[in-house]
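Place chain B on chain A using the hints.
Number of protein chains: 2
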Amino acid sequence: MEFSLTTLGTASALPNVNRYPSAHVFDIHGRLFLVDCGEGCQVQLRRYGFSFAKIDNIFISHLHGDHIFGIFGLLSTMSLLGRTADLYIYAPRDFSSILNFFLAHFGDGVRYNIIHKVLNCATQELIFSSRTVEVYAFPLNHRISTFGFLFKEKEPKNNIHKWKMESACLTLKEIASLKDGNNVVRENGEVLEVTEYTYKPYNARSAAYCSDTAPFERLSSWIEGVDLLYHEATFAEDMSKMAKDTYHSTAQQAGFIAKTASVGKMIIGHYSSRYKDLNLLLNEAKNIFPETYLAKEGMKFEVPINKN
Amino acid sequence: MEFSLTTLGTASALPNVNRYPSAHVFDIHGRLFLVDCGEGCQVQLRRYGFSFAKIDNIFISHLHGDHIFGIFGLLSTMSLLGRTADLYIYAPRDFSSILNFFLAHFGDGVRYNIIHKVLNCATQELIFSSRTVEVYAFPLNHRISTFGFLFKEKEPKNNIHKWKMESACLTLKEIASLKDGNNVVRENGEVLEVTEYTYKPYNARSAAYCSDTAPFERLSSWIEGVDLLYHEATFAEDMSKMAKDTYHSTAQQAGFIAKTASVGKMIIGHYSSRYKDLNLLLNEAKNIFPETYLAKEGMKFEVPINKN
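Read top to bottom, the protein sequences are chains A and B. The first sequence runs 164 to 471 under the numbering used here. The second sequence runs 164 to 471 under the numbering used here.
Take these hints with a grain of salt, some might be off.
Identical copies carry no separate label here, and so any pair may be met within one copy or between two of them.
Under the rule of at most 35 Å between Cα atoms (straight-line distance), these lysine-lysine pairs were calculated in the DSBU-like manner [stated by the list, open to error]:
| no. | residue 1 | residue 2 |
| --- | --- | --- |
| 1 | K217 | K459 |
| 2 | K470 | K428 |
| 3 | K459 | K439 |
| 4 | K217 | K407 |
| 5 | K422 | K463 |
| 6 | K217 | K404 |
| 7 | K439 | K463 |
| 8 | K342 | K325 |
| 9 | K327 | K449 |
| 10 | K407 | K327 |
Worth flagging that the hints you see were computed from the coordinates, not collected in a lab.
Bound conformation, chain A alone (with noise of 0.2 Å):
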């Protein structure tokens, strides 16, 4: 049961041979959910393996060309590729204008429905829940309508102790009521209690995903306690002047919110094109949060299931 984040682009504005733009996949228990699309994003999917046909949902953190460019290749394809399933898309309100664009120029042959779900919120907000999982999205503090992404694994349901089953001779009834976390009275009046019988297969993981943003207080409110971050760290402390100025964050500024979030593990990306080596970034974000990584295109974080 893949709970994983996978980054396909970390580059900033300045995209180069060996930095794609932003662009990342969540698996979460095999369905995909794609963050951002960056230019080329379409080409990375097929460059570490992601199948279209298991995207029904892509979230766009916001309308920057770095962040948006490879959308109008991606439903191309899409639809060259014969897909007729609805695609979600949950964007910031101006989204619906490139979607207009996208299909009064390029939409002959689409023969999908495209849902422009506007991101609209002012706090934490559910935009999206299956059976396996809900998506939040929050407002960040950029230079435009910005959103962050809450990536929530539903609760499991409980187990069966082997044992219990056998030497209680439960009914199948009696076992899908105890999943489901009731108790069962029989008729000669015993009762099974859910905390007897069952127990918790693993604990629900959660990741969450934020760019572009300057730092805020609220921000950590929101994602307390993830497994795992995505964070941008566009700059080193030596450009905190120009992150402020354009509403980014330094490495030091993204360990101090993994910090104050208590979060698992910590992902950076969204490098400046300035930096080469990324070890500077690295190192600041370590000295405040020591868990954190480095993402790289094609990298897959995964976050294992904890039976604890």
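Using the frame of chain A, we list chain B on its own:
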């Protein structure tokens, strides 16, 4: 004095990890002419060492996504790199609304002029002229308004035979006149004949670009005798019905065009993603026109100086 074509992308509608969408660079005496701008073009330009600053003219054959989706990223990056020089984009009429869309949504920091020169010719027409090169556009036969391009090096100035320069004690003024192709009449009545004193240093070179198009009769007259022809070969003969229906050429048809137009060398590209082994396409074209070569990402085809 370079005269070359580098292919940045050989894919047709569906790109993959090894095949980028259409984009090509003509380097003529160090000046770069970009033809088509598929997704990922800016990164391909970087990968093969082309300076964005040397591009002042972009030629867009038509407004299908696989020839244009890279323009947004390229224009943005030129802006971020601080461009101030005018940029000319030769493209069909509807490109205006694409450009307006770009400027309205992503044009905030753009500090250079982007001038759209509308392509609208029914026959071959001069669209660009500099000291070294002329560019002509001509209509192709595709599903939407589409144009091919002819790059013609200007005739070089005459060179003076060295031994004549010394024996006749030519003045600078006389040399300039002879180089320009004018006879010189000296005060004593002596006539210095251009034909006797000078020679053409090399033959002016030419190259044409034809993508996307179904074959049609007039095409060969517009590209007659070019040294280098890039021609699409989306399909092999097994898909000739599909080629006809989608207004594309088969490799064999490209071969016939090259042969009829008596070109020097033909490069084929714009391959359908169904062809993993391109030798099928190559061989079909070579059967008709032996001097056919396969385009490949990053491959440069030079037209050498011919002094005969």
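Ascending list of hint numbers which this structure does not respect
9, 10
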